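Input sequences plus hints: build the corresponding full structure.
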Amino acid sequence: MDKQQNTRQGEQGDPQPVAQSEARPVLEGPDIARVLTRIAHEIVERAKGADDVVLLGIPTRGVFLARRLADKLEQITERKMPVGSLDITMYRDDLRMHPPRALARTEIPGDGIDGRLVVLVDDVLFSGRTIRAALDALNDIGRPRAVQLAVLVDRGHRELPIRADYVGKNLPTSLRETVKVQLAEEDGRDTVLLGAKPDTPGAHP
Numbered sequence: 001m002d003k004q005q006n007t008r009q010g011e012q013g014d015p016q017p018v019a020q021s022e023a024r025p026v027l028e029g030p031d032i033a034r035v036l037t038r039i040a041h042e043i044v045e046r047a048k049g050a051d052d053v054v055l056l057g058i059p060t061r062g063v064f065l066a067r068r069l070a071d072k073l074e075q076i077t078e079r080k081m082p083v084g085s086l087d088i089t090m091y092r093d094d095l096r097m098h099p100p101r102a103l104a105r106t107e108i109p110g111d112g113i114d115g116r117l118v119v120l121v122d123d124v125l126f127s128g129r130t131i132r133a134a135l136d137a138l139n140d141i142g143r144p145r146a147v148q149l150a151v152l153v154d155r156g157h158r159e160l161p162i163r164a165d166y167v168g169k170n171l172p173t174s175l176r177e178t179v180k181v182q183l184a185e186e187d188g189r190d191t192v193l194l195g196a197k198p199d200t201p202g203a204h205p
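Start counting the sequence shown at 1; every next residue gets the next number (UniProt numbering).
Heads up, some of the hints might be wrong.
For lysine-lysine, the following BS3-like pairs were computed, each having C-alpha atoms within a straight-line distance of at most 30 Å [what the hints assert, rightly or not]:
{"id": "1", "residue 1": "K48", "residue 2": "K72"}
{"id": "2", "residue 1": "K169", "residue 2": "K72"}
{"id": "3", "residue 1": "K48", "residue 2": "K169"}
{"id": "4", "residue 1": "K80", "residue 2": "K197"}
{"id": "5", "residue 1": "K197", "residue 2": "K169"}
Pair ranges (Cβ atoms, derived) [to be verified]:
{"id": "6", "residue 1": "G142", "residue 2": "R189", "range": "31 to 39 Å"}
{"id": "7", "residue 1": "E78", "residue 2": "P109", "range": "17 to 25 Å"}
{"id": "8", "residue 1": "R46", "residue 2": "R143", "range": "18 to 26 Å"}
{"id": "9", "residue 1": "D187", "residue 2": "R38", "range": "17 to 25 Å"}
{"id": "10", "residue 1": "G188", "residue 2": "V26", "range": "12 to 20 Å"}
{"id": "11", "residue 1": "L160", "residue 2": "G29", "range": "26 to 34 Å"}
{"id": "12", "residue 1": "G110", "residue 2": "S174", "range": "21 to 29 Å"}
{"id": "13", "residue 1": "D94", "residue 2": "N139", "range": "17 to 25 Å"}
Because the hints were derived from the structure by calculation, they are not lab data.
In this text, all values refer to a predicted model and were calculated from it rather than measured experimentally.
C-beta: ideal position from N, C-alpha, C; glycine also.
If you want it as structure tokens, here you go:
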């Protein structure tokens, strides 16, 4: 789950413009803050304190979400939370089908991931192919004790047997719809928009 026309790469597949006049918000800033707080508490509960948790965000917006989750976990646990980013560009299974993408940065916290509980963080879970690529990338970096997945939105339509451990919002969608996450760090505001693809009736190019 990329400025005049908003696009999303990764779980959406090809970048798809969201027709702003047709898109409707399904989550706003306060909603996003609440679900991140809930996810942080769920992580602490399942990890029994989060002492060995490492958060890795998938660029672009997954990185911002991971940092926000780290802040909330630090408020709960009163300890510094390791957070980084995981670039999956060279692990995607559609590299030969699309123009080259600019590489993002992989940043692994100083203590690494070996023997740790790694929580991958992304904005939208769709086909599952982005997460498959993330698991391949992670395998080349180290050997975590376990890997979990946190997403802001799960829109369904999985093509691979991948499931999120922590979900902000389950959002039933059709394949004729787009889900666009906007975050203040990248887009100037926090919102999740559900819209029609431009090639469907009622959508604008």
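Verification of the supplied hints:
1. K48 / K72: OK: K48 and K72 at ~16 Å, within 30 Å.
2. K169 / K72: Satisfied, since the Cα-Cα distance of roughly 18 Å is no more than 30 Å.
3. K48 / K169: holds, 23 Å
4. K80 / K197: violated, 42 Å
5. K197 / K169: holds, 21 Å
6. G142 / R189: 31 to 39 Å: Given range 31 to 39 Å: holds, Cβ gap about 36 Å.
7. E78 / P109: 17 to 25 Å: Taking Cβ atoms as reference, E78 and P109 lie about 18 Å apart, which means the hint holds.
8. R46 / R143: 18 to 26 Å: holds, 20 Å
9. D187 / R38: 17 to 25 Å: holds, 23 Å
10. G188 / V26: 12 to 20 Å: With a Cβ separation near 19 Å, G188 and V26 satisfy 12 to 20 Å, so the hint holds.
11. L160 / G29: 26 to 34 Å: Holds: the Cβ-Cβ distance is about 31 Å, inside 26 to 34 Å.
12. G110 / S174: 21 to 29 Å: violated, 44 Å
13. D94 / N139: 17 to 25 Å: holds, 19 Å
Hint violations for this structure: numbers 4 and 12, all remaining hints satisfied.
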